[in-house]
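*Asks:* Here is how the chains run, residue by residue.
Protein chains: 2
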Amino acid sequence: MRILLSNDDGIHAPGLAALRWALAPLGEVHVVAPDRERSGTGHGITVHKPLRPKQVKFTDGTFGWAVDGTPADCVKLAIEALLPQAPDIVVSGINHGPNLGTDVLYSGTVSAAIEGIINGFPAVAISLASYESGDFKYAAAFAGLIIPGLMKGNNTRECNLVNINVPPGKPRGIKVTRLGNRRYVNIFHKRVDPRGRTYYWMAGEPEDSVPENPAVEADVDVEAIKNKYVSVTPLHFDLTDFQAIHYLQDMIDGQEFNIFEL
Amino acid sequence: MRILLSNDDGIHAPGLAALRWALAPLGEVHVVAPDRERSGTGHGITVHKPLRPKQVKFTDGTFGWAVDGTPADCVKLAIEALLPQAPDIVVSGINHGPNLGTDVLYSGTVSAAIEGIINGFPAVAISLASYESGDFKYAAAFAGLIIPGLMKGNNTRECNLVNINVPPGKPRGIKVTRLGNRRYVNIFHKRVDPRGRTYYWMAGEPEDSVPENPAVEADVDVEAIKNKYVSVTPLHFDLTDFQAIHYLQDMIDGQEFNIFEL
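Line by line, the protein sequences are chains A and B. When we follow our numbering, the leftmost residue of the first sequence carries the number 1, and every step to the right adds one. When we follow our numbering, the leftmost residue of the second sequence carries the number 263, and every step to the right adds one.
Bound conformation, chain A alone (with noise of 0.2 Å):
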């Protein structure tokens, strides 16, 4: 198996490193992984300026890229230029910090493995749900034990990108959850430069909720972090709304208004 690994807390963050010897057991891990820190990059890509990567040791001996972009950016550039040939799975992590609910669509972490899927590969993106704990073994044991079961089979073509939490601590058993709403609050916080120019910190609290209706029941991931358990969420790159598709053809049938007028 070619294992294609990125993160977005830098090349040389702890959380890749473990997941780096958890992975080696299972064939070649190819590490493209940005040179810094990228973390709320969300799904960015730079076009604006060229990406220049550059081959770093590790202390093992092994050889990794180092690209001054995004998450998205290492994933695009090796598979289109830095691998000698494709990968069959891209994993994304060990992210320091949780990716849950809404804010998925903040995790660069996230937008690697989503990057994988976009580009025909399955993908799976790992996250540590604490900044406190610095203790990466549960997270990249589990990485190391459901990323063979989900290359097993047609496993790939049911379910291809997947987002996993692990909780700090021994975990006491794993959930198949969804994604939950988390919105922050108190996010800003105001503070006055000595030159009298006023500036803001983002910060503040998550504050959870549940998106009701859901398409199928499961546990929320937020509450499986939240009662020890492992979270494993099935993803998606469709944010098309297939069910208001009518409610809006309907509107716009009704609406007075004429293309032709325009």
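Source of the hints: derived by calculation from the structure; they are not laboratory data. Don't take each hint at face value.
[Unchecked claim] If the Cβ cut is set under 10 Å, some of the chain A residues that face chain B in the computed set are: (1) R2; (2) Q85; (3) I114; (4) E158.
Just so it is clear, CB atoms sit at the ideal spot from N, CA and C, and this is done for glycine as well.
Put chain B on the given structure of chain A with help from the hints.
*Replies:* Just chain B, lined up with the frame of chain A:
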């Protein structure tokens, strides 16, 4: 109606000016937009440096806020700190260039709208689906026509996030659409700098395909634009793949690994 207007081409972009004029008859338009072009930022947010909003005077004597951050930053800061009251709707655009298919995941324009709906406000993203044409007339007029319809009655409960693309020239009509798949081929141009180091420019041509087995039949956005129709796509922000939940549960149940052995 209080409208929060943002974009990703920057506060001085002509597409924003066109939309500002088109929305003015509908109510108060509050502009909070990036201080410069932020294309391709995806749903990035700025957490490692503070944000500095700066008041900008437009040629008509009205004011807006320019923020040294991403479109998502602008919407967050507007809602939490800059606007005197909560908006009734968040509008993002007019983007100069298409935001179609899978590309919506990279789109700063769409991310501003998604940030609106995460915070509980209905939102519309609007793009002129052409890099060549700079004529925002039809796109601006269409926004002015559809937004009052979306805000009428309970429409926003059923359909609260809409992605609009308007073809260059006079449109032939309107299609309610689903997102297509768009991936890029030959995306990197490899070059060597005067010091012998390799660098890569991201570019490439889009390769479009139609996602199979949609939950509801509908035209694909990319096709609608090719055929010179306005494309109106309802979006949501729940990336859960509900179709894969049972499958993943069965796979995990059938695994030979035990979480307690970790």
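*Asks:* All hints, please: hold or fail.
*Replies:* Against the structure, the hints:
1. Here the hint on R2 of chain A is broken, as its CB sits about 20 Å from the closest CB of chain B, past 10 Å.
2. Because the smallest distance between the Cβ of Q85 of chain A and any Cβ of chain B comes to about 17 Å, over 10 Å, the interface hint for this residue is violated.
3. Nearest Cβ of chain B to the Cβ of I114 of chain A: about 6 Å, under the 10 Å cut. The hint holds.
4. Because the beta carbon of E158 of chain A sits about 5 Å from the nearest beta carbon in chain B, less than 10 Å, this interface hint is met.
Hint compliance for this structure: hints 1, 2 are not met, and every other hint is.
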